[in-house]
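Chains as they are written, first to last, in my numbering: chain A, 1 to 152; chain B, 1 to 152; chain C, 1 to 81; chain D, 1 to 81.
Hints are computed from structural coordinates only; laboratory data are not their basis. There could be a bad hint or two in this list.
[Said to hold, decoys possible] Label-pair restraints from in silico Cβ distances:
{"id": "1", "chain 1": "A", "residue 1": "74", "chain 2": "C", "residue 2": "27", "range": "52 to 58 Å"}
{"id": "2", "chain 1": "B", "residue 1": "9", "chain 2": "C", "residue 2": "2", "range": "50 to 56 Å"}
{"id": "3", "chain 1": "C", "residue 1": "18", "chain 2": "A", "residue 2": "42", "range": "18 to 24 Å"}
{"id": "4", "chain 1": "B", "residue 1": "41", "chain 2": "A", "residue 2": "42", "range": "45 to 51 Å"}
[As the list claims (entries may be wrong)] To spell it out: a stretch of chain B is covered by chain C in this simulated footprint if at least three of its residues, at any positions, have a beta carbon under 8 Å from a beta carbon of chain C; those stretches are:
{"id": "5", "segment": "99-108"}
{"id": "6", "segment": "120-126"}
[Stated by the list, open to error] Listed below are the simulated DSS-like cross-link pairs for lysine-lysine, each with C-alpha atoms no more than 27 Å apart in a straight line:
{"id": "7", "chain 1": "A", "residue 1": "104", "chain 2": "B", "residue 2": "104"}
{"id": "8", "chain 1": "B", "residue 1": "126", "chain 2": "A", "residue 2": "104"}
{"id": "9", "chain 1": "D", "residue 1": "14", "chain 2": "A", "residue 2": "126"}
{"id": "10", "chain 1": "A", "residue 1": "118", "chain 2": "B", "residue 2": "126"}
{"id": "11", "chain 1": "A", "residue 1": "104", "chain 2": "A", "residue 2": "126"}
{"id": "12", "chain 1": "A", "residue 1": "118", "chain 2": "D", "residue 2": "14"}
{"id": "13", "chain 1": "B", "residue 1": "118", "chain 2": "C", "residue 2": "2"}
{"id": "14", "chain 1": "A", "residue 1": "118", "chain 2": "B", "residue 2": "118"}
{"id": "15", "chain 1": "B", "residue 1": "126", "chain 2": "B", "residue 2": "104"}
{"id": "16", "chain 1": "D", "residue 1": "2", "chain 2": "D", "residue 2": "14"}
{"id": "17", "chain 1": "C", "residue 1": "14", "chain 2": "B", "residue 2": "126"}
{"id": "18", "chain 1": "A", "residue 1": "126", "chain 2": "B", "residue 2": "104"}
{"id": "19", "chain 1": "C", "residue 1": "2", "chain 2": "C", "residue 2": "14"}
The beta carbon of each residue, even a glycine, is placed where N, CA and C say it ideally should be.
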Amino acid sequence: MRGRMITITNEELDPGLAVSQVEHPGAGAIVTFVGATRDNTAGRRVLLLEYEAYRPMADQQLQRVADEMRERWDLKGVAIHHRLGRLEIGEASLVVAVSSAHRKNAFEACHFSIDRIKQIVPIWKKEFFEGGEVWVGSQEGFDPLGVRHTAG
Amino acid sequence: MRGRMITITNEELDPGLAVSQVEHPGAGAIVTFVGATRDNTAGRRVLLLEYEAYRPMADQQLQRVADEMRERWDLKGVAIHHRLGRLEIGEASLVVAVSSAHRKNAFEACHFSIDRIKQIVPIWKKEFFEGGEVWVGSQEGFDPLGVRHTAG
Amino acid sequence: MKITVRLFASYREKAGVGQIVIEAPEGATVGSLAQMAAMTLPGLPQPERIVVAVNNEYRDHDFALSDGDEAALIPPVSGGR
Amino acid sequence: MKITVRLFASYREKAGVGQIVIEAPEGATVGSLAQMAAMTLPGLPQPERIVVAVNNEYRDHDFALSDGDEAALIPPVSGGR
């Protein structure tokens with residue numbers, strides 16, 4: 001197996017590498033997600049992006065996502081690669097590859113991981129528009145401890 | 001774009017190629033499925049596999065799956081690669097890559113494609129065990145016209 | 001009229017042949033072809049359970065055959081997995 | 001006790017600094033740190049909405065700080081997309 005399976009990197013991501021990291025003779029299904037930034041957000045033309053992380057906390061939280069996936073589903077392999085730094089439009093910022101005996105587990109776990117990363121991993125994205133830039137992230141929904149809905 | 005996006009081939013499949021075929025500046029998500037044969041089926045040790053297709057009908061039905069995906073979901077790109085011939089355990093028999101602006105569409109369409117391929121594409125798998133071989137496929141459930149549940 | 005009948009996978013192996021040409025009466029349908037096939041070829045399921053494609057399209061058993069058609073008997077498919 | 005406070009993304013840019021060291025009274029909690037930060041640094045949300053990690057773990061506002069802790073003020077995350 002080449003490279004780290006759970007990793008945050010300034011290098012370009014390679015979906016094929018993530019797939020190869022989770023290959024397993026007992027795996028009938030590998031589901032892979034590649035997240036990239038689109039050329040527009042809410043109709044505004046995005047020119048460039050920048051990702052910043054709080055490390056090593058981000059690495060630990062990404063590992064926690066992988067651990068939670070393995071606790072909830074019977075998986076053969078999990079690879080999560082997150083990109084940092086400046087990205088062009090269309091470049092991959094996130095690759096998740098999940099293998100399992102049956103495809104349902106791989107699909108569900110892969111989908112879960114993306115939601116979970118957006119909840120708890122301290123990584124931030126800045127979008128650069130013509131004539132402006134903005135850090136993405138909604139103050140309202142951010143609740144990594146999962147307490148606000150109970151605390152009211 | 002390299003190669004055909006909807007293809008049935010005797011060559012080894014390359015998930016990275018399928019991903020690159022569906023890349024698109026408006027695509028925020030690429031979901032990829034890689035199907036491989038496991039080293040066991042119902043506890044029996046599988047040694048080798050062979051896939052056979054009825055061509056050109058299989059090509060046409062695979063294209064139909066892609067067309068149905070695009071009719072049902074707003075997608076940027078669809079690539080489906082199916083392997084034929086003799087395969088070792090763990091080699092990919094199917095790769096589907098789907099890109100869309102938002103990940104929900106890509107996940108749903110990708111999942112749908114696998115079910116649909118198993119319903120209508122005339123491709124057959126033979127599993128070789130120690131001391132035996134069997135064509136996979138259940139007579140009971142096979143209803144590509146989708147009429148049996150109404151015809152009773 | 002002449003109909004080319006193609007066999008695949010388990011059907012082909014049980015029949016020991018991948019293709020036959022039959023002489024069908026005028027008015028023959030997919031259903032009558034399935035009955036003929038089930039009677040003459042070993043290892044096929046009951047005729048009403050035989051799925052048939054004519055010229056690369058799935059057709060139900062009422063479908064009328066024409067001279068020169070290629071009819072494929074399609075065993076349960078198992079690709080993709 | 002000395003607490004290192006780290007700022008990221010929008011918080012860092014609005015504050016104009018990525019890290020400060022503050023002298024906190026004994027018994028200070030994450031909640032009292034958030035109040036102090038909201039009063040002294042520009043551009044932070046209301047104290048009760050500031051999410052804080054202490055030594056790389058998310059902690060609620062009751063959590064008691066210790067001398068030498070690294071407390072990070074975590075803006076809403078937006079990775080992965």
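Quick rundown of the hints versus the structure:
Judged by the Cβ atoms, the range 52 to 58 Å given for residue 74 of chain A and residue 27 of chain C holds: they are separated by roughly 56 Å. Remark: the range hint 50 to 56 Å for residue 9 of chain B to residue 2 of chain C is contradicted by a beta-carbon distance near 33 Å. Taken as a hint, the range 18 to 24 Å is violated for the pair residue 18 of chain C and residue 42 of chain A, whose Cβ atoms sit roughly 57 Å apart. Against the hinted window of 45 to 51 Å, the Cβ-Cβ separation of residue 41 of chain B and residue 42 of chain A comes to about 48 Å, which satisfies the hint.
Given a C-beta distance limit of less than 8 Å, the hint that chain C covers the segment 99-108 of chain B is violated, as 0 residues qualify and 3 are needed. Counting residues of the segment 120-126 of chain B whose C-beta lies closer than 8 Å to any C-beta of chain C gives 7; at least three are required, and the coverage claim holds. For the given pair, residue 104 of chain A sits about 15 Å from residue 104 of chain B by alpha-carbon distance, which is consistent with the 27 Å threshold. Distance check on the hinted pair: residue 126 of chain B and residue 104 of chain A sit about 23 Å apart at the alpha-carbon level, within 27 Å; holds.
Between residue 14 of chain D and residue 126 of chain A the alpha-carbon distance is near 14 Å, which keeps this suggested pair within the 27 Å criterion. This hinted pair does not check out: residue 118 of chain A and residue 126 of chain B have alpha carbons roughly 42 Å apart, beyond 27 Å. Between the alpha carbons of residue 104 of chain A and residue 126 of chain A the distance comes to roughly 34 Å, so the proposed pair goes past 27 Å and is violated. Using a Cα cut-off of 27 Å, the hinted pair residue 118 of chain A and residue 14 of chain D holds, with the two alpha carbons roughly 23 Å apart.
Between the alpha carbons of residue 118 of chain B and residue 2 of chain C the distance comes to roughly 31 Å, so the proposed pair goes past 27 Å and is violated. This hinted pair does not check out: residue 118 of chain A and residue 118 of chain B have alpha carbons roughly 34 Å apart, beyond 27 Å. With a CA separation close to 34 Å, the supplied pair residue 126 of chain B and residue 104 of chain B exceeds the 27 Å bound. Simply put, residue 2 of chain D and residue 14 of chain D have alpha-carbon atoms about 23 Å apart, close enough for the 27 Å limit, and the pair holds.
Annotation: proposed proximity of residue 14 of chain C to residue 126 of chain B holds, straight-line Cα distance about 14 Å (limit 27 Å). Among the hinted pairs, residue 126 of chain A with residue 104 of chain B is consistent with the structure: their alpha-carbon atoms are about 23 Å apart, no more than 27 Å. The straight-line distance between the Cα atoms of residue 2 of chain C and residue 14 of chain C is roughly 23 Å, inside the 27 Å bound, and the hint therefore holds.
Of the numbered hints listed earlier, those contradicted by the structure are 2, 3, 5, 10, 11, 13, 14 and 15.
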